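Let the sequences and hints guide you as you build the complete structure.
If you read the sequence shown in the numbering used here, its first letter stands for residue 5, the second for the next number, and so on.
It is worth saying that the hints were derived from the structure and are not from the lab. Fair warning: this is a prediction, and the values are worked out from it, not measured in the lab. Beta carbons are placed, not taken as given, at the ideal position from N, Cα and C, and that holds for glycine. Hints should not be assumed to be uniformly reliable.
Taking lysine-lysine pairs in the DSBU-like style, the calculated list, with each CA pair at most 35 Å apart, reads [what the hints assert, rightly or not]: (1) Lys177 / Lys22; (2) Lys429 / Lys459; (3) Lys62 / Lys50; (4) Lys405 / Lys459; (5) Lys39 / Lys50; (6) Lys459 / Lys57; (7) Lys429 / Lys62; (8) Lys57 / Lys36; (9) Lys114 / Lys39; (10) Lys39 / Lys194; (11) Lys194 / Lys136.
Restraint-style ranges between C-beta atoms, simulated for each label pair [what the hints assert, rightly or not]: (12) Gln564 / Ile410: 32 to 40 Å; (13) Val274 / Asp480: 24 to 32 Å; (14) Glu32 / Pro249: 27 to 35 Å; (15) His60 / Thr554: 25 to 33 Å; (16) Ser107 / Cys74: 33 to 41 Å; (17) Val217 / Pro249: 23 to 31 Å; (18) Ser551 / Pro285: 56 to 64 Å; (19) Lys114 / Leu55: 40 to 48 Å.
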Amino acid sequence: MSCNWGTELWDQFDNLEKHTSWGIDFLERYTKFIKERADIEQSYAKQIRSLSKKYHPKRSREDESRYTWCLAFAATLRQLNELSTQREELAENLNSQIVCELSRYTQELKTERKTHFQDGRRAQQHIESSWKQLESSKRRFERDCKEAERAQHVSDRIDLDNKTEGEKRCSLKARQTAQQKKQAAEESRKDYVTSLNQFNQDQHQHYHTLVPVIYQRIQDMEERRIERICEAMRSSAEAERKVLPVVSRCLDAMMASAEGIQPRMDTRQVVEVFKSGFEPPGDVEFEDYSATMRRSISESSYLDNRAEGRKHSRKLWPFIRKNKPPPPPPTSPSPGALTNSPQSPPPASREPITQRLNDLMTSGSRTRKQCLRSLKRGLSLKLGSSPADCSHLPPEQRRKKLQTRINNINQEIQREREQRDALLKMREVYEQSPQMGDAGSLEPRLEEVKQSLQKLEEELRRNQAWLMEADSRLSDHSSRRQSGGCGLNSQATTPGSSSLKQLDNRSPASRESPDGSYTEDHSAELHFKSRSSEFDDDFDDEEPLPSIGTCKSLYPFQGQNEGTLSMVEGELLSVVEEDKGDGWTRVRRNLEEEGYVPTSYIKVFLDSSAKGFVQSSRLV
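Set out below in structure tokens:
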């Protein structure tokens, strides 16, 4: 069905003006909508990128690259970052392809609309002017006709009277006036007819030529505006459809990452990471204290072996004990322990080890025990460097660490060999074509690569020897455990043999030194135990230390390390050992819980008798 505004809406000029104005307002509102949507997409992409960056690991951690759930989460963050990139691209397309184009088109549309309605107003003014001219001619013709009729009536009335000569002259004059009025009325009639014809012609041209053309242009303009809105909506949907395949691939990758999580593999990986290679401890043997006064032959022979072992023992950790040593406190209080404190207390100074040794050699029995504990804590804190052969690690972890190191060395050796081969080929080319370069200039680099290869190969052999040693110890330890388990039930339990079995069946964890190192040398252990037996006697049957005062906690402290004691602010505790210069004080709670707390966290109130005892023990 054809529709023409010029013929259908010839008398709706004002309504068309209002409608087109509202259409332009709608176009501007839609442009603003697209712009705000692009801003939202841009902000969303920025927030998603920030979120992905926030939870993405700042640096590569071995733990996070080992487990499938960590890898899946990292892959999800990467895909999320890709999603933010697609959202940024969508926002850019909306701004460049739609917002800018619609803004430019809106300005052009306003200019075109202004031109069309100006033409319509001029045509309207022209027809109104023609109508006014017609009305003026019509009124003048009407007036002249009335005047001519009135003059003719006067002339006819004078002619009826037969009067004197003067009256005849008046009658003649009246007829002349009537004739003039009649001629003027005839001229007015002609002007009126001419104006009427002109108005009819102008009106026909206005409503059948000018108005249809102008209104058709306005209609075309309106249709183009609507079509441009349609194109903008399609472009908006198409811009979003373009990013949907990439978004779909990102979501598929997220799904694949989630489906790639393998709980069984992760739990096996935990075993691989934390397996120490130690065997569970054996059964605790019965110790017959009733036979202390009548030692058996086996005990006497064992003691003779211990006495002979002192002569050939080599120097090991000087303060190892059969029982569990007092746990060394941390070097400094944990920052997380100060939850409510206004400020962290200053760190305590440490007492030199040489001074502790002097106190050990010059002090009495009880003070010697305190010096031993303090000295052991200080040494365990200072011995922080790990040996090159990874002997400080448990057997299984040591083997894995050495294997990883060997793999890395092999990769470095492969790179160095490739570089050496490339240099040799380059030197051969230079020797064949001297114009390309000096072959002698490559000799320093070749020598450097050769030395690097020698160092790497030497390090590789050394680590391989350590790995073989670790593997042999693991196999020996496993075979000893199997043989010991088979013969354990057939052995008789005697007072003398129980002591020997207690030494032989000791768990591997008990052969760790206080700094965390591990040894499998059983003869060294026997020598070491005989050397340290004089200190073991002081610790085996140790009675609880008496309280030398009280203390009040100034700050809360969370004892996260072994050997420390947690406390809350304002708590009262008993002091059993004064600070030896390492920043830690030994306290007791309720005669059951005992441990170390930072000296700077408490306020100590020593008893008067205890002060004298401490001072005398330091002077001895």
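Please verify whether Lys62 and Lys50 have alpha carbons no more than 35 Å apart.
18 Å, holds
Would the pair Lys177 and Lys22 pass a check requiring their Cα atoms to be no farther apart than 35 Å?
Status violated; Cα separation ~64 Å.
Measure nothing beyond the straight line between the CA atoms of Lys429 and Lys62; if it is 35 Å or shorter, mark the hint as holding.
Status violated; Cα separation ~41 Å.
Look at the Cβ atoms of Gln564 and Ile410 and judge whether their distance stays inside 32 to 40 Å.
35 Å, holds
Straight-line Cα separation of Lys39 and Lys50 no greater than 35 Å?
With a Cα-Cα distance of about 16 Å, the restraint between Lys39 and Lys50 holds, given a limit of 35 Å.
Sort out whether Lys459 lies within 35 Å of Lys429, counting only the CA atoms.
23 Å, holds
Indicate whether the distance between the beta carbons of His60 and Thr554 respects the range 25 to 33 Å.
This hint is violated: roughly 51 Å between Cβ atoms.
The hint says 33 to 41 Å between Ser107 and Cys74; measuring C-beta to C-beta, is that right?
48 Å, violated
Pairwise beta carbon distance, Ser551 to Pro285, judged against the given window 56 to 64 Å
For Pro285 against Ser551, whose Cβ atoms are near 35 Å apart, the range 56 to 64 Å is violated.
Pair hint Lys39 and Lys194, alpha-carbon separation not exceeding 35 Å:
66 Å, violated
Is the straight-line distance between the alpha-carbon of Lys57 and that of Lys36 35 Å or less?
Given pair Lys57, Lys36 holds - Cα atoms ~31 Å apart, limit 35 Å.
For the pair we were handed, Lys194 and Lys136, check the Cα-Cα distance against 35 Å.
17 Å, holds
Checked against the numbered hints above, the structure breaks hints 1, 6, 7, 10, 15, 16, 17, 18 and satisfies the rest.
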